[in-house]
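Chain by chain, the residues run as shown.
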Amino acid sequence: MKRMIVVLSVLAAGLSLFANGSAETAAPVVQKTIESTGPVELTIAIKSKNNGFPENVKDDYAYQQILAKTGVAVNFQVIDDYYTALNVRIAGGDCPDLFQCDSPHMRTFADNGEILDLTKYKNKELSNLLKWIGGADINAFVHGGKLYGIPKSYVNSATYTLLNVRQDWLDKLGLTVPKTVDDVYKVAYAFTYNDPDGNGKNDTIGYSGKAPYGFEPIANAYDTALGNYIIVRDGKVTNTLSQPHMKEALAECKKFVDAKIVDPDMYTTSPRDKAISGTIGLVSMEWSLLYKQSYQDQVRKVNPQAKWSFFGPLASEVSAAAALLPIDPASSSNFLCVSADISPEKLAAVFRLVDYLTSEEGSMLVNFGLKGVHWDEDANGVRSMTKRASEANYVATYQLLGRDEDTYLAMKFKEAADQVAYAKKMPHITVYNSLITEPEGFYLDDFEKYVKTQLIAFIYGDRPISEYDKFLGELDSVYGFDKYMAAAAEQMKGYGYIK
Amino acid sequence: MVKSKDDTVFEIVVLLVILSVGLLCLVPILYVVSVSVTPIEEKMRAGGFLLIPRKVTFDAYKSVLSGKSFFPALWISVKLTIIGTALNLVATLLFAYPLSRKNLPGRNVIMKFVVFTMVFSAGMIPTYLVVKQVNLLNSFWSMIIPELISVYNLIIMKSFFEGLPEELFESARLDGAPEMTVLFRIVLPLSLPIIMTISLYYAVEHWNTYLQAVLYVSKNALQPLQVVLRRLLRSATSADMNADEIIPTETLQMAMVVLATLPIVVIYPFIQKYFVKGTLAGAVKG
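These protein sequences, in sequence, are chains A and B. Just so you know, my numbering puts 468 at position 468 of the first sequence, and the rest follows in order with no gaps. Just so you know, my numbering puts 163 at position 163 of the second sequence, and the rest follows in order with no gaps.
Don't read these hints as lab results, they were simulated from the structure. Ideal placement from N, C-alpha and C gives every residue a C-beta, glycine not left out.
Okay, derived cross-link-like pairs now, DSS-like style, lysine-lysine, Cα gap no bigger than 30 Å in a straight line:
1) B:Lys-68 <-> A:Lys-412
2) B:Lys-68 <-> A:Lys-387
3) A:Lys-346 <-> A:Lys-124
4) A:Lys-387 <-> B:Lys-62
5) A:Lys-483 <-> A:Lys-470
6) A:Lys-58 <-> B:Lys-79
7) B:Lys-62 <-> A:Lys-301
8) A:Lys-47 <-> B:Lys-79
9) A:Lys-2 <-> B:Lys-112
10) A:Lys-49 <-> B:Lys-68
11) B:Lys-55 <-> A:Lys-292
12) A:Lys-47 <-> A:Lys-449
13) A:Lys-47 <-> B:Lys-68
14) A:Lys-452 <-> A:Lys-179
15) A:Lys-47 <-> A:Lys-58
16) B:Lys-219 <-> A:Lys-47
17) B:Lys-79 <-> A:Lys-49
18) A:Lys-371 <-> B:Lys-68
19) A:Lys-414 <-> A:Lys-307
Residues from chain A shown here face chain B by an in silico Cβ test under 10 Å; the list is partial:
20) Lys-2
21) Thr-43
22) Lys-47
23) Lys-49
24) Glu-55
25) Gln-77
26) Thr-84
27) Asn-87
28) Val-88
29) Ala-91
30) Gly-92
31) Gly-93
32) Pro-96
Take the sequences, apply the hints, and build the full model.
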């Protein structure tokens, strides 16, 4: 009996040597017949699906419509721990046909030959797309002169940001909407110490902002920004850290901190909850966190008298309302890259999909949903949302190429139309960080971490501002900041931003 | 025994320390539970941190339990835990017992191989390639088979078996019992504490499955509870970028957290006595 067991197990072990997945050799033949007759399936790896995405393909009308109009069956693959899991899959040979990517990762994938070079398709297959995004900067999708990402129309959350203040508190304390940094200081001081909500408790805080932009509005008023930002001034590439008025900006922020009028959780939590609950009175935040109908309802529920006004940018003794927040116009995250191993049929399908999403019909579908159900058009061609509009929220997952932001916001968030328009008009400091590949031996993460912690130390008084120049010297000697800026200048010249 | 004053003082100090550590562990749990039953406006009005809820609502629980993603994920996690733990136990048992017999040929060599894998691992990508080669990708078994035997648990079991008196086995063999009968009729009944402990370790590991699901499984229907939970919590922080997302409130998130940890919390008291006995079982004694 014992011998039988031994013999059988040795046989089993030996036979298992011959078991191996032969699926790969069988697949190509089968695949070809399907592709030449039926719909083409594209796997698109994404970071997340929007809430309410239908479990069943039958209920997914966006999928059905795209399939009907382009013959492309869109198969979304949600990947958690995105870049880790994606790298594993690509290394394992399971690269999805399309996947979301950002500029730094795209450059790595391009160097490894894992994504397709799209330069030769720019003039023909992608020409509709380029027209649709209207001549916007596509350098974010370019690496080494070649196009690697499918350009998309993108929006930086900084263009949603404005300064907001509790109008009812201003009225109660007899103050006006601030225009300069000094005004903000006075208002924030009054909000903290003069009990604006009239409940007899000293529980209100004057100033807050959404991390990492907390103190930016103040710094921006001095034509600088609190972090490593590569900017162009007077035809030269320089950094906000080296700006002439940086010390004044830091001193001003420190003044706010010393007066204890700043939200202590500013760097760790979003101020949205505190704004809604009535704890903070002045906050730099995106309109989408405060003025959407659902949030305004929450504000009213907590305090029916609450009223929020918006303003900005701020003027200082150095400049008259320079800007509000740095934005990187060349940065884009979540644009699509194409797998280098994609078959010609699937590539043709990709271009069909791209063309459809940029067409009038396609973009209305992925922005708003079905005509007649979620949105409607009246006799004059004026479009508006219907009562069932919110059922179509999930279609945002299909906005792979971005969207025409103005029409979208105008239709979807009529209640915040003023804020949207105001935020859009705001001048911004233009930065170019995402275009720059750092030189060998320069570690961007360490550098930025040091910069961030030291700036906080300056603002919170852990390090005297008089040591700022010494700090710049440390960046050069310890981190190679000068080499980084030299590389940046060269690359910016290559991109054509400076002569 | 007469208690001296020093003894009483000592006992009081120990009691205080234990109470404060216990409180330290309890407060976050209390926070999670109370936030999960407080409507979000109440919570914000109370300043954001409350321990005893003033107004109670079960809306969040209703919404999660009726949601489409919770129950399938829960079912997957339960299946994983039960089937996975059972298979883990069988495999570990069948590996540990022979290794504990001193007369196994090649025992030392096998042990060296086994311990080697505890220290060195091939890494994520080679493991992925192996899982792909055996066609396990995107299947339920990809979350069970690659981690079927945990070397740590294996060694604990082996040490336990080595501690059992050899005379029992000899007398059984003298009576003509084959090795399998010795294993099932004699060793197993004696090893109940260690089996409960090891199965608890494995069960908690399966309940917490996250990385394997993320790496090997792309089908939504097969994602375990922890992945679904993380997606929900993450959508709350990243959705700010997208103007249209209505973010799940903290009440909803906390309700999900409570529901995800409830099964383990409920089962634990029942196996606690085995667990306490079993943790010492693998230790080297005397």
